[in-house]
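Engineer: If you're matching them up, the sequences are chains A and B in order. Take 3 as the starting number for the first sequence in this note's numbering and just add one per residue. Take 3 as the starting number for the second sequence in this note's numbering and just add one per residue.
What the hints contain is simulated information worked out from the structure, not anything from laboratory work. Treat the hints loosely; a few may be bogus.
One copy or any two copies: either way a pair holds, since identical chains are not told apart in the list.
[Stated by the list, open to error] Taking lysine-lysine and the DSBU-like style, the derived pairs with C-alpha atoms no more than 30 Å apart in a straight line are:
#, residue 1, residue 2
1, LYS212, LYS157
2, LYS108, LYS44
3, LYS108, LYS212
4, LYS44, LYS202
5, LYS202, LYS157
6, LYS202, LYS212
7, LYS212, LYS27
8, LYS202, LYS27
9, LYS157, LYS27
Just so it is clear, the structure is predicted and the values come from calculations on it, not from any experiment.
Listed here are the chains, written in short residue letters.
There are 2 protein chains.
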Amino acid sequence: MDEKEISQAVIGRLPRYFRYLGELKDEGVERISSQELSVLMKVTASQIRQDLNNFGGFGQQGYGYNVEHLYNEIGRILGLDRQHNFIIVGAGNLGRALGNYINFEKRGFIFSGIFDQNPSIVGMEVRGVRVMAMEEIERFIRENNIGIAVLTVPKSAAPVVAERLVQAGIRAIWNFAHVDLNVPAQIQVENVHLSDSLMKLSYNINRYMKEQEML
Amino acid sequence: MDEKEISQAVIGRLPRYFRYLGELKDEGVERISSQELSVLMKVTASQIRQDLNNFGGFGQQGYGYNVEHLYNEIGRILGLDRQHNFIIVGAGNLGRALGNYINFEKRGFIFSGIFDQNPSIVGMEVRGVRVMAMEEIERFIRENNIGIAVLTVPKSAAPVVAERLVQAGIRAIWNFAHVDLNVPAQIQVENVHLSDSLMKLSYNINRYMKEQEML
Chain A
3 MDEKEISQAV IGRLPRYFRY LGELKDEGVE RISSQELSVL MKVTASQIRQ DLNNFGGFGQ
63 QGYGYNVEHL YNEIGRILGL DRQHNFIIVG AGNLGRALGN YINFEKRGFI FSGIFDQNPS
123 IVGMEVRGVR VMAMEEIERF IRENNIGIAV LTVPKSAAPV VAERLVQAGI RAIWNFAHVD
183 LNVPAQIQVE NVHLSDSLMK LSYNINRYMK EQEML
Chain B
3 MDEKEISQAV IGRLPRYFRY LGELKDEGVE RISSQELSVL MKVTASQIRQ DLNNFGGFGQ
63 QGYGYNVEHL YNEIGRILGL DRQHNFIIVG AGNLGRALGN YINFEKRGFI FSGIFDQNPS
123 IVGMEVRGVR VMAMEEIERF IRENNIGIAV LTVPKSAAPV VAERLVQAGI RAIWNFAHVD
183 LNVPAQIQVE NVHLSDSLMK LSYNINRYMK EQEML
């Protein structure tokens, strides 16, 4: 089946399959049925079969899924068998925290550079990588085969910085700035809007409290 | 209309409305039609009308929406008119970065305490708040009316810590640990799985590169 037809909803669920299969693999589990996986992941077995069928269906009737094979296949589909060099733009608290997170390297994401416009931060080190000035960013992207930029600058600076990154040839932006970016369609953008997530939590607390008050 | 019937999909979109309306308000815009909002937010006008109708429909035929009124109403629906005290559990890089993020206070989320099990981190300060030992957490939650715990401990520690937080009376967990939590249904959980988000980005880069190779 043509991978291009797969919906973003299914793609959005693949990392979770990958995570559970990785844990099963580490525990030495060799095969698992969609029913067992269903109980573990708290989604229906039919959802699991439907999702995995998108990729040619790795399951066998009466046998279930081969855990390691499925894990590797999903990893390949997610592009985790390739190496991606990334830079962090904005060396504030969040940028530095992401730079220090070593688990990204395990998935093939290589922390290659970090940039900030504040001269008092330039020259600091984040996990052995020196913070560079914004003036160096275009050259660095071109010379170091940088595909991904992690955007952790303030909201007000984000549109201009994103424009520069695109001009310099970046292919994807992992956007933590609290603004929607206007970039060409071929640039992949994944947003992490932390405040939106916290507001959703706030709504659910509020709703629950109102329900309790009404009882 | 009963707020309980509103789907999580609609709820998930409310913070984005709130963000755009806040910007319009700051720019002095007094009213806006669903068509204008549609162009700005890149969703259909009918989607906007449908979403906002869930809350009684604040728009008027031929007038549009009153920006400030709609902003305040959505804020109230999201529970942002209440104050929520939160603690951060896990004072590693990410925990400290979140503690330093002052925008949460603007939305009524008050950074009240931060905890870590590592004795060499206990006593450090994050934005004027002293890192406390894990032993103090139950007492602190009870004495300081803490509703929300931000969970930034390693995956392996998360289930046990979550259990302790629930026992101590926490109402909501903002979970950054890379694991799905098993907590009672009345505990609100909002997951931020950063690795899942990065894998989704990886998939989209990979797919785009394959498409280019096929041309």
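Engineer: For every hint, state whether the structure bears it out.
Structural biologist: Structure-based check of each hint:
1. LYS212 with LYS157: Cα proximity of LYS212 and LYS157: none, with 33 Å in one copy and 32 Å across.
2. LYS108 with LYS44: within (26 Å within a copy, 36 Å between copies)
3. LYS108 with LYS212: So LYS108 and LYS212 pass the 30 Å test across copies only (23 Å; inside, 44 Å).
4. LYS44 with LYS202: Cα proximity of LYS44 and LYS202: in one copy and across copies (21 Å, 21 Å).
5. LYS202 with LYS157: both (20 Å within a copy, 23 Å between copies)
6. LYS202 with LYS212: within (15 Å within a copy, 36 Å between copies)
7. LYS212 with LYS27: Classified as between; 28 Å across copies, 44 Å inside a copy.
8. LYS202 with LYS27: between (34 Å within a copy, 21 Å between copies)
9. LYS157 with LYS27: between (41 Å within a copy, 17 Å between copies)
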